[in-house]
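Assemble the dimeric complex from its two separately framed chains, guided by the hints.
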Amino acid sequence: MSLRSLTRLANLGRPFTFNNLLTSSFIKNVNNEIRSPLASSILCRYISDSLKKTLDETVQKNDVVLFMKGTPEIPQCGFSRAVVQIFQAQGVDLSKVKTLNVLEDHELREGVKEYSQWPTVPQVYIKGEFIGGCDIMLNMHQSGDLEELLLKQGLVASDEELEKEE
Amino acid sequence: MSAGITKEHLEQTLRDKLSADHVEVIDTSGGCGQSYDVVIVSSVFEGKTVLQKHRLVNDAVKTEIAQLHAFSQKTYTPAQWVELSNK
Chain A
1 MSLRSLTRLA
11 NLGRPFTFNN
21 LLTSSFIKNV
31 NNEIRSPLAS
41 SILCRYISDS
51 LKKTLDETVQ
61 KNDVVLFMKG
71 TPEIPQCGFS
81 RAVVQIFQAQ
91 GVDLSKVKTL
101 NVLEDHELRE
111 GVKEYSQWPT
121 VPQVYIKGEF
131 IGGCDIMLNM
141 HQSGDLEELL
151 LKQGLVASDE
161 ELEKEE
Chain B
1001 MSAGITKEHL
1011 EQTLRDKLSA
1021 DHVEVIDTSG
1031 GCGQSYDVVI
1041 VSSVFEGKTV
1051 LQKHRLVNDA
1061 VKTEIAQLHA
1071 FSQKTYTPAQ
1081 WVELSNK
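Chains A and B, in that order, are what the protein sequence lines are. For what it's worth, our numbering labels the leading residue of the first sequence as 1, then goes sequentially. For what it's worth, our numbering labels the leading residue of the second sequence as 1001, then goes sequentially.
The shape of chain B in the complex, shown without the other chains (with noise of 0.2 Å):
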């Protein structure tokens, strides 16, 4: 898919399969929408350990991350996003 992957899908897509309270899409590529940094905080990350979360996300995005070249993501529980926003 040359088009690539939009920064709207790619945030639905969080949202929907992570019941995602908040999810923040970069798009780092400049525009050939083929790199991405994400933020994501939800209740399902709680009290896993980063390797599980991280697992999670890739394959919620698994076909997306497939056509990417860059992705890079960080995992919070609300708990620590309240937290770390609080900072």
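Only chain A is shown next, with the shape it has when bound in the complex (with noise of 0.2 Å):
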């Protein structure tokens, strides 16, 4: 069996974006190289059905995730804890943050990585859709985009909202 209708059986029923990504990205590696560490580890570090509903469903239905190590009070990283101070500075209301603890969860830790193709934690989704790692969330922070994303989702209060508040 090739490698390539390997990927095709892991892929089989998964319509999701992410995958349909790794596949074609995959395929090309193949093309490109004959070394292709993606081969294994796509067949190695394949997440779970129902760990990537559940996914589906944390990121569906709240506004803000963050998978972090630790907790937005005790961060045990300082990547993780980097991304919650952004939180604070940006004023969104760390309640409705939902945050995973990776450290508690290995199948967690290593499956949000397949999941969100991403390779490192922290991550953020906001409105079901991936932002990115800390550097990301650093750079929007200092660029005023994360500011902007914000706002538009209705997840900060603007400037005249606070003053009618006042």
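Since the hints were made in silico from the structure, they are not lab data. Hints may be right or wrong, so weigh each one.
Taking lysine-lysine and the DSS-like style, the derived pairs with C-alpha atoms no more than 25 Å apart in a straight line are [claimed, not checked]:
1) B:K1007 with B:K1074
2) A:K96 with A:K127
3) B:K1062 with A:K52
4) A:K61 with A:K127
5) A:K52 with A:K127
6) B:K1074 with B:K1017
7) A:K127 with A:K152
8) A:K69 with B:K1048
9) B:K1087 with B:K1062
10) A:K127 with A:K98
11) A:K152 with B:K1048
12) B:K1074 with B:K1087
13) A:K164 with A:K98
14) A:K69 with B:K1017
15) A:K127 with B:K1048
Simulated coverage check for chain A against chain B, where a stretch passes if three residues somewhere in it have a Cβ under 8 Å from a Cβ of chain B [said to hold, decoys possible]:
16) 64-74
17) 87-100
Cβ coordinates follow ideal geometry from the N, Cα and C atoms, glycine included.
Laid out in structure tokens, this is it:
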């Protein structure tokens, strides 16, 4: 069985976009180079259907989801801490941010990397859309793009709204 | 791999796979080779969003990142890099 048909097998019944993306980049790799590190990682770390379903629901049901190491109160990694601080600086109500501690769940820790096609934790989802990790959050925080996104999605109050409340 | 990923290996891989004009790899691990900050300047980033750029980098060093504890990246197009250097 060729690597490509193995991948296709692994993707059966999975219309999810990230997996389609994964398949296309994988095939490109096979064409471009004989050695494909993706092949083994697809087959070894393929996340379970139940975890994928749980994650789908989690990111759809919650406005903001943060996969992190530790908790917002006690982050256990500097990058996770930085993302929590960015949310605080932006005035996002942390009680409304769904946080999941990957250190408490090994399947989640590995599964979320596969799910988002992103190799590291923390990971941020806003309104069901994958935003990125710490570097991207910091980048967007500094450029003003994060504020714009949070305002657009109604996750922080605008200056006018704040004035009205006062 | 207990020896970790070397700075040189990471630098070369990024240069090769992303046709980068400029790559800076800073070892922030204190010697164990598990934590890096990288700056990459490449024309392949032209017209891409930050997320797309980071995904390109993540794909290029996928196996390496899996072995690291920390990996932080800054990505620039050649034009952005020139602008930044002039500041």
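So which hints don't hold here, by number, going up?
8, 9, 13, 14, 16 and 17
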